[in-house]
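**Q** Given these sequences and hints, build the entire structure.
Protein sequence lines, in the order shown, are assigned to chains B and F. Heads up, the first sequence is in the numbering used here, so the first residue is 1 and it goes up one at a time. Heads up, the second sequence is in the numbering used here, so the first residue is 1 and it goes up one at a time.
Just so you know, these hints were derived from the structure itself, not from any lab. Some clues are possibly wrong.
[As the list claims (entries may be wrong)] Only part of the chain B face toward chain F is listed, based on derived beta-carbon distances under 10 Å:
| # | residue |
| --- | --- |
| 1 | A71 |
| 2 | L85 |
| 3 | T109 |
| 4 | R117 |
| 5 | A118 |
We put the beta carbon where it would ideally sit given N, CA and C, even for glycine.
Residues per chain, in single letters:
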Amino acid sequence: MKCCQCDKEATVHLTEIIEGQMKKIDLCEECAKEKGVTDPAGFGLADLLLGLGASQQIEDAAAGGQLSCGACGFTHTDFKKAGRLGCPDCYETFSEALEGMIKQMHKGTQHHGKVPRALRKAKDLSKQRTSLQERLTRAVGEENYELAAQLRDQIKGLDAHPTEEAAD
Amino acid sequence: MNLYDFLSTTQEMAENRGPHDHVVLSSRVRLARNLKGHPFPGRAKKSDRVEACELISAQVAGLASMRGGYVESMSSLQALDKQLLVERHYISREHAAKSAGSGLALSKDESVSIMINEEDHLRMQSILPGLQLKQVWQKIDRVDTNLEARLQFAFHDRLGYLTACPTNLGTGIRVSAMLHLPGLVLQEQINQIIQAVTKLGHAVRGLYGEGTEALGHIFQVSNQMTLGESETDIVERISKVLLQIIEHEENARQTLLKNKTTELHNYVGRAFGVLAHARIINSKETMNQISLMRMGTSMGMFPTLTLAALDELFLISQPAHLQHLLGAKHAGEERDVHRANLLRERLAGVKGLQLPK
Ligand SMILES: [Zn+2]
Ligand SMILES: [Zn+2]
Numbered sequence: 001m002k003c004c005q006c007d008k009e010a011t012v013h014l015t016e017i018i019e020g021q022m023k024k025i026d027l028c029e030e031c032a033k034e035k036g037v038t039d040p041a042g043f044g045l046a047d048l049l050l051g052l053g054a055s056q057q058i059e060d061a062a063a064g065g066q067l068s069c070g071a072c073g074f075t076h077t078d079f080k081k082a083g084r085l086g087c088p089d090c091y092e093t094f095s096e097a098l099e100g101m102i103k104q105m106h107k108g109t110q111h112h113g114k115v116p117r118a119l120r121k122a123k124d125l126s127k128q129r130t131s132l133q134e135r136l137t138r139a140v141g142e143e144n145y146e147l148a149a150q151l152r153d154q155i156k157g158l159d160a161h162p163t164e165e166a167a168d
Numbered sequence: 001m002n003l004y005d006f007l008s009t010t011q012e013m014a015e016n017r018g019p020h021d022h023v024v025l026s027s028r029v030r031l032a033r034n035l036k037g038h039p040f041p042g043r044a045k046k047s048d049r050v051e052a053c054e055l056i057s058a059q060v061a062g063l064a065s066m067r068g069g070y071v072e073s074m075s076s077l078q079a080l081d082k083q084l085l086v087e088r089h090y091i092s093r094e095h096a097a098k099s100a101g102s103g104l105a106l107s108k109d110e111s112v113s114i115m116i117n118e119e120d121h122l123r124m125q126s127i128l129p130g131l132q133l134k135q136v137w138q139k140i141d142r143v144d145t146n147l148e149a150r151l152q153f154a155f156h157d158r159l160g161y162l163t164a165c166p167t168n169l170g171t172g173i174r175v176s177a178m179l180h181l182p183g184l185v186l187q188e189q190i191n192q193i194i195q196a197v198t199k200l201g202h203a204v205r206g207l208y209g210e211g212t213e214a215l216g217h218i219f220q221v222s223n224q225m226t227l228g229e230s231e232t233d234i235v236e237r238i239s240k241v242l243l244q245i246i247e248h249e250e251n252a253r254q255t256l257l258k259n260k261t262t263e264l265h266n267y268v269g270r271a272f273g274v275l276a277h278a279r280i281i282n283s284k285e286t287m288n289q290i291s292l293m294r295m296g297t298s299m300g301m302f303p304t305l306t307l308a309a310l311d312e313l314f315l316i317s318q319p320a321h322l323q324h325l326l327g328a329k330h331a332g333e334e335r336d337v338h339r340a341n342l343l344r345e346r347l348a349g350v351k352g353l354q355l356p357k
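**A** Spelled out as structure tokens, the structure:
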């Protein structure tokens, strides 16, 4: 049996149940070591399988033209070798190829967890601004100029002291 | 700072207990984070890695939660030090192989450890004894929040935190617990449990050894998916699963006691016999026998022994801990003799099985 990473003779054979499905994988001594297979605590067969599947998808997506990341120069050949991406920007570069795999791998494709505070503030602020803008347009439409003036002041205040407004 | 001046002793470590620790050895939450605009460690040139490591180390060292902690480059640690840190579950085996350009930070009470430039720029974990998943999540959440005021993390509007491997994408969270499940193994129910838990989307693996032949009957349960669900949902879901596993393990132990009394006493009694009298013993057999004695102790069969004492024995019979204790490098066979000596010494005052009349 051949190693699924390179073409050497496989000596390490693994099985793991991932979401109820039995997955098998064969590796040579070197690749097993490189993937940390000797350490069952650190090793996720899912990671490895994912690496293999993804490199294929990236290869397919590239279809002749060599897709490479503008920020780090990463290519699908690199992915095949490492099973990891090169930099944060790679997620944009290879988004098409990664899409299907991420869907398979995770519960959803939309993050529902923690958001860094700085981004959360900026997001809240832009939401607040949009809502004020909408109310302003409505107030003007209804010829409620008193309210419109108030809303205009609030928007001005947001722009002038964005951090103050969003502080908690 | 000398690592061994900093680290708690194995006794202090073992005496730190937590809820449900007759089954749950420890609870852990790990977060993966990366710096915006920097290549991931696996891709970065050495100079980039060193630069990122210095930048991160400085910010980590400045955290209030790291006051009095230990922050070092991996290049200043010896192979034995690294191995010992692996045995305490503070760093991964992969990280132990790292050197210049990678770093380690430990909080004063050792409940928080941060690997710098492992697979991701930051792998921050909190670990506590027993079942304390909510507590470890809150602890590491706070560390992360304080760090993000000092470092800009790579974050995508839709995909969340960006990680070197897409399996960690989104929350970057890995919630896990180390479980001691001798009852389920002896009752041959462990495979059923593993299958049920994996069906729920969690991963179960033997912590030492391969496949179902888990050494010391120790298993690790962890979440598999990191994107599409909030951190608290993931923590809650896995906590529920763990409570069920604990119940199954307790039932298995009680069923053994009720229906296979002599067999159970035979297992535990033989384990004590081996550990208290062996002259040569390897770490694999030690783990398996301590495991059985640990179960017996939790069921009141050794009134003078505590789980803490056995957990300490488990830790000090691991290769790096043993070598550190002996103060010199010993070949495998010699080490097995020293291990046996140590076990006999520690168990000298213990009488055999104490059974109700
Ligand atoms: Zn190979
Ligand atoms: Zn890139």
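**Q** Indicate, hint by hint, whether the structure satisfies it.
**A** Hint check:
Of the supplied interface hints, the one on A71/B holds, with its beta-carbon coming within about 8 Å of a beta-carbon of chain F, less than 10 Å. Checking L85/B against chain F by beta carbon gives a least distance of about 6 Å; that is within 10 Å, so the hint holds. Interface hint status for T109/B: upheld, as the beta-carbon distance to the closest one in chain F is roughly 7 Å, under 10 Å. The interface hint given for R117/B holds, since its Cβ lies 6 Å from the closest Cβ of chain F, which is under the 10 Å cut-off.
Annotation: interface hint on A118/B holds; nearest CB of chain F at approximately 7 Å, less than 10 Å.
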